[in-house]
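With chain B held as given, fit chain X onto it using these hints.
2 protein chains.
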Amino acid sequence: MSDGDVLYSPIDLWHNSFPITNINIIMKIFLKSTLLTLVSLLILSATLVAQQPARPGAPAQRPAFRMPARIVSPEILPDNKVIFRLYSKDAAKVTISGEWQSGFGASETLARNDTGLFSITIGPLKPELYSYTFTIDGVRAIDPGNVQVRRDGLNYQSYFIIPGAESDLYVQKNGVPHGTVSKVWYTSSVLETDRRVYVYTPASYGTVKQKYPVLYLFHGAGGDEDAWTNMGRAAQIMDNLIAQGKTKPMIVVMTNGNANQAGAQNDVPPLASQGEQGMAAYAKYAGKFEEHLVKDVVPFIEKNYRTLKGKDNRAIAGLSMGGGHTQTITNNNPGMFSYIGVFSMGIMNFGMQSDEAAKMDQEREVKIEALKNSGYKLYWIAVGKDDFVYQSVVTLRNLLDKHNFKYIYRESTGGHTWTNWRIYLSEFTPMLFK
Amino acid sequence: MSDGDVLYSPIDLWHNSFPITNINIIMKIFLKSTLLTLVSLLILSATLVAQQPARPGAPAQRPAFRMPARIVSPEILPDNKVIFRLYSKDAAKVTISGEWQSGFGASETLARNDTGLFSITIGPLKPELYSYTFTIDGVRAIDPGNVQVRRDGLNYQSYFIIPGAESDLYVQKNGVPHGTVSKVWYTSSVLETDRRVYVYTPASYGTVKQKYPVLYLFHGAGGDEDAWTNMGRAAQIMDNLIAQGKTKPMIVVMTNGNANQAGAQNDVPPLASQGEQGMAAYAKYAGKFEEHLVKDVVPFIEKNYRTLKGKDNRAIAGLSMGGGHTQTITNNNPGMFSYIGVFSMGIMNFGMQSDEAAKMDQEREVKIEALKNSGYKLYWIAVGKDDFVYQSVVTLRNLLDKHNFKYIYRESTGGHTWTNWRIYLSEFTPMLFK
Numbered sequence: 001m002s003d004g005d006v007l008y009s010p011i012d013l014w015h016n017s018f019p020i021t022n023i024n025i026i027m028k029i030f031l032k033s034t035l036l037t038l039v040s041l042l043i044l045s046a047t048l049v050a051q052q053p054a055r056p057g058a059p060a061q062r063p064a065f066r067m068p069a070r071i072v073s074p075e076i077l078p079d080n081k082v083i084f085r086l087y088s089k090d091a092a093k094v095t096i097s098g099e100w101q102s103g104f105g106a107s108e109t110l111a112r113n114d115t116g117l118f119s120i121t122i123g124p125l126k127p128e129l130y131s132y133t134f135t136i137d138g139v140r141a142i143d144p145g146n147v148q149v150r151r152d153g154l155n156y157q158s159y160f161i162i163p164g165a166e167s168d169l170y171v172q173k174n175g176v177p178h179g180t181v182s183k184v185w186y187t188s189s190v191l192e193t194d195r196r197v198y199v200y201t202p203a204s205y206g207t208v209k210q211k212y213p214v215l216y217l218f219h220g221a222g223g224d225e226d227a228w229t230n231m232g233r234a235a236q237i238m239d240n241l242i243a244q245g246k247t248k249p250m251i252v253v254m255t256n257g258n259a260n261q262a263g264a265q266n267d268v269p270p271l272a273s274q275g276e277q278g279m280a281a282y283a284k285y286a287g288k289f290e291e292h293l294v295k296d297v298v299p300f301i302e303k304n305y306r307t308l309k310g311k312d313n314r315a316i317a318g319l320s321m322g323g324g325h326t327q328t329i330t331n332n333n334p335g336m337f338s339y340i341g342v343f344s345m346g347i348m349n350f351g352m353q354s355d356e357a358a359k360m361d362q363e364r365e366v367k368i369e370a371l372k373n374s375g376y377k378l379y380w381i382a383v384g385k386d387d388f389v390y391q392s393v394v395t396l397r398n399l400l401d402k403h404n405f406k407y408i409y410r411e412s413t414g415g416h417t418w419t420n421w422r423i424y425l426s427e428f429t430p431m432l433f434k
Numbered sequence: 001m002s003d004g005d006v007l008y009s010p011i012d013l014w015h016n017s018f019p020i021t022n023i024n025i026i027m028k029i030f031l032k033s034t035l036l037t038l039v040s041l042l043i044l045s046a047t048l049v050a051q052q053p054a055r056p057g058a059p060a061q062r063p064a065f066r067m068p069a070r071i072v073s074p075e076i077l078p079d080n081k082v083i084f085r086l087y088s089k090d091a092a093k094v095t096i097s098g099e100w101q102s103g104f105g106a107s108e109t110l111a112r113n114d115t116g117l118f119s120i121t122i123g124p125l126k127p128e129l130y131s132y133t134f135t136i137d138g139v140r141a142i143d144p145g146n147v148q149v150r151r152d153g154l155n156y157q158s159y160f161i162i163p164g165a166e167s168d169l170y171v172q173k174n175g176v177p178h179g180t181v182s183k184v185w186y187t188s189s190v191l192e193t194d195r196r197v198y199v200y201t202p203a204s205y206g207t208v209k210q211k212y213p214v215l216y217l218f219h220g221a222g223g224d225e226d227a228w229t230n231m232g233r234a235a236q237i238m239d240n241l242i243a244q245g246k247t248k249p250m251i252v253v254m255t256n257g258n259a260n261q262a263g264a265q266n267d268v269p270p271l272a273s274q275g276e277q278g279m280a281a282y283a284k285y286a287g288k289f290e291e292h293l294v295k296d297v298v299p300f301i302e303k304n305y306r307t308l309k310g311k312d313n314r315a316i317a318g319l320s321m322g323g324g325h326t327q328t329i330t331n332n333n334p335g336m337f338s339y340i341g342v343f344s345m346g347i348m349n350f351g352m353q354s355d356e357a358a359k360m361d362q363e364r365e366v367k368i369e370a371l372k373n374s375g376y377k378l379y380w381i382a383v384g385k386d387d388f389v390y391q392s393v394v395t396l397r398n399l400l401d402k403h404n405f406k407y408i409y410r411e412s413t414g415g416h417t418w419t420n421w422r423i424y425l426s427e428f429t430p431m432l433f434k
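These protein sequences, in sequence, are chains B and X. Going by the working numbering, the first residue of the first sequence is number 1, and it counts up by one from there. Going by the working numbering, the first residue of the second sequence is number 1, and it counts up by one from there.
Pulled out of the complex, with its shape left as it was, chain B reads as follows (with noise of 0.2 Å):
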């Protein structure tokens, strides 16, 4: 398929509208048929739009008769080249900013066609995941041809998957065993709010009555409770490892690691707390997220999941935010968590010297050397060779290892990305509970 031939006449699905020229057509079609619902029609228009879409390898095809079409973009070629088209006979510059691109605020033009289509074609690109997204005369937007979206806090992105072995955990496959997951709702005491959780439940819960053990897993700054199922494509990678018996079933908790939020603003309704401004609402919060989910998300999730109690039945784990979240957690309460995984976090350093800096300096070496005595069997750091903070890192490893504290060491390459924490992911998993 050319450019050529992509049909590029918008389809107007607005306000759920049915494209009501097509039915003398289809009543044509279907006027031998037994089917003589409306019903038959809709779901035929359906069918026909459906088939039309920007699905990542599949060609633009044009149906029996002719129906508007949506632009196709992204088209992934045979050779991992990606063709995005954009149609608009008014726009004057479309540009591209994408995950494989690399620098700060780079971005790439679309080309424009006599007809008002943009198009570019970039790659080959190896197999992962990718977002991007358009800046349209300025503004940035989701690509209008692609139905996969994904929300990284405030901003929404096109994504797609160029598939091969390095993407392989994170594409939804018909035919593995999917596990759960359910937006659920607690209480929490120390936070005095009710808040909300994603938990996954492997395939295999709703069939085995076993008990199950448990990974807390957290998000970063910026990121909610949606993060790690929505950029982490954390219900793939463990439906993924589980069905090829490289990491266990488990439970994964993943809840809003933002104090102050009962859920992800897109969803849940600011708090009356959320009012207070800079310092005041950091001052009220500080160290509340880490006490709640020992105080009010474990005990909620041990009462209301077949969970094995146990240190060696919880894993902890996050990333950025989340993997200071993690440190502070497992320093505080030696023998919880018997797997530990710190994402892309370490100690932060801004040499300061003063009373209370040191003051928390000797505090958390006290709490180390807790955690150390206190039987835990994974503790895994990792972090990309690129990171901003790659040097808390050092920092974090300096201080374990004055203390002769286990660890495994993961150097990866890349930055502060949801590429590498996808990753940390898969790799950390099949690690737990074994």
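These aren't lab readings, by the way, just hints derived from the structure by calculation. Keep in mind that a hint or two might mislead.
[Stated by the list, open to error] Output of the computed footprint for chain B on chain X, the stretches with three or more beta carbons under 8 Å from beta carbons of chain B: (1) 83-90; (2) 136-150; (3) 164-178; (4) 182-189; (5) 264-270; (6) 391-402.
Cβ coordinates follow ideal geometry from the N, Cα and C atoms, glycine included.
Coordinates of chain X only, in the frame set by chain B:
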């Protein structure tokens, strides 16, 4: 807040990039703090960023220190007027299309000020949930300033709620007990695939170990298992009605009504069978969804959830195509569901007089008679005066009248819209299981 006060430097959070430039400023603030990890900074940054975004009704506030801000859009004013804003120094024309407008393809044009801030004030609007999109130089886009986004099939829309009596059930409320929404996979022997279903269990399900009645709730053409919770606010409606004591606690089961899909196309890859075109795919699946609902879905739910059994504990309802599904299932299975809701769908009669059509009509009459004698408790039909399927509902009512089949008819204003379907759900569920 006037337009002139808007901070319109677009913030760039692309790729989880961290506003490094602020670290030095934040460091000074924290210099005497005991909280020395970067975690603190990330939390603070996230908090400050989070305080800036478009939160309907929340005015933008200048943070304690200078930080890039997001455009506030939409801003709901005390008199229920709404200001939309979009920043682009390059766009020539920006229009907005929203559910408050009437007429197919209606739009309004935003005004540009001399800095590139486009804005428009609309309303006042009556309390309701409204979706909208911008069109930026010919390209439809969500509002980059608004984190509230919903998906209507292939299309993404921004939305907001004007608070008030008419929209009160649609608001996710802090303090109201929230049910759990789970994305569950089940095996369909009829459709020969694993499929995804959304299951709402009421807030009490986790704590009150009783059995619950079940509502099977269907979406329309173009929708999927995500539609009733996403477009239809089903979780909020059920939470709020149950909290008010108006609706009995029940399980709500929302599966994918497209027989050729395993799940929503934004999350779940297409089945191989979806490659079949038009009539072939249609013929293969005719009636299969309805059959699988009875043979696969109901048994799965009744086995895996604490359900009350028997027809008096089963309700079924759907909109548009799902109203057709509801009719087919209840016609074919008298005595299975005592509570039946048909939203925005009747019987289509294209004036065909073929033998097959006559035979089908005749069979339907036999089935209606059997359903009448099955001891159902409620048959509720709802449609809008302006709905394009209105006449089909007249046909259905005439058929039911002919058989002295008791039903309740609810005629609303408006057309074939989610606005109506939310209202219908909020009116239908209080009548169930009583």
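Each hint, compared with the structure:
1. 83-90: This one holds; 5 residues, not fewer than the three required, reach chain B with a Cβ under 8 Å.
2. 136-150: That given contact holds, which follows from 11 residues of the segment 136-150 of chain X lying within Cβ reach (below 8 Å) of chain B.
3. 164-178: holds (count 7)
4. 182-189: Three-residue rule met by the segment 182-189 of chain X, so holds; n is 4.
5. 264-270: That given contact holds, which follows from 6 residues of the segment 264-270 of chain X lying within Cβ reach (below 8 Å) of chain B.
6. 391-402: Coverage by chain B is violated for the segment 391-402 of chain X (1 residues, Cβ < 8 Å).
Hint 6 from the earlier list is the only one contradicted by this structure; the remaining hints agree with it.
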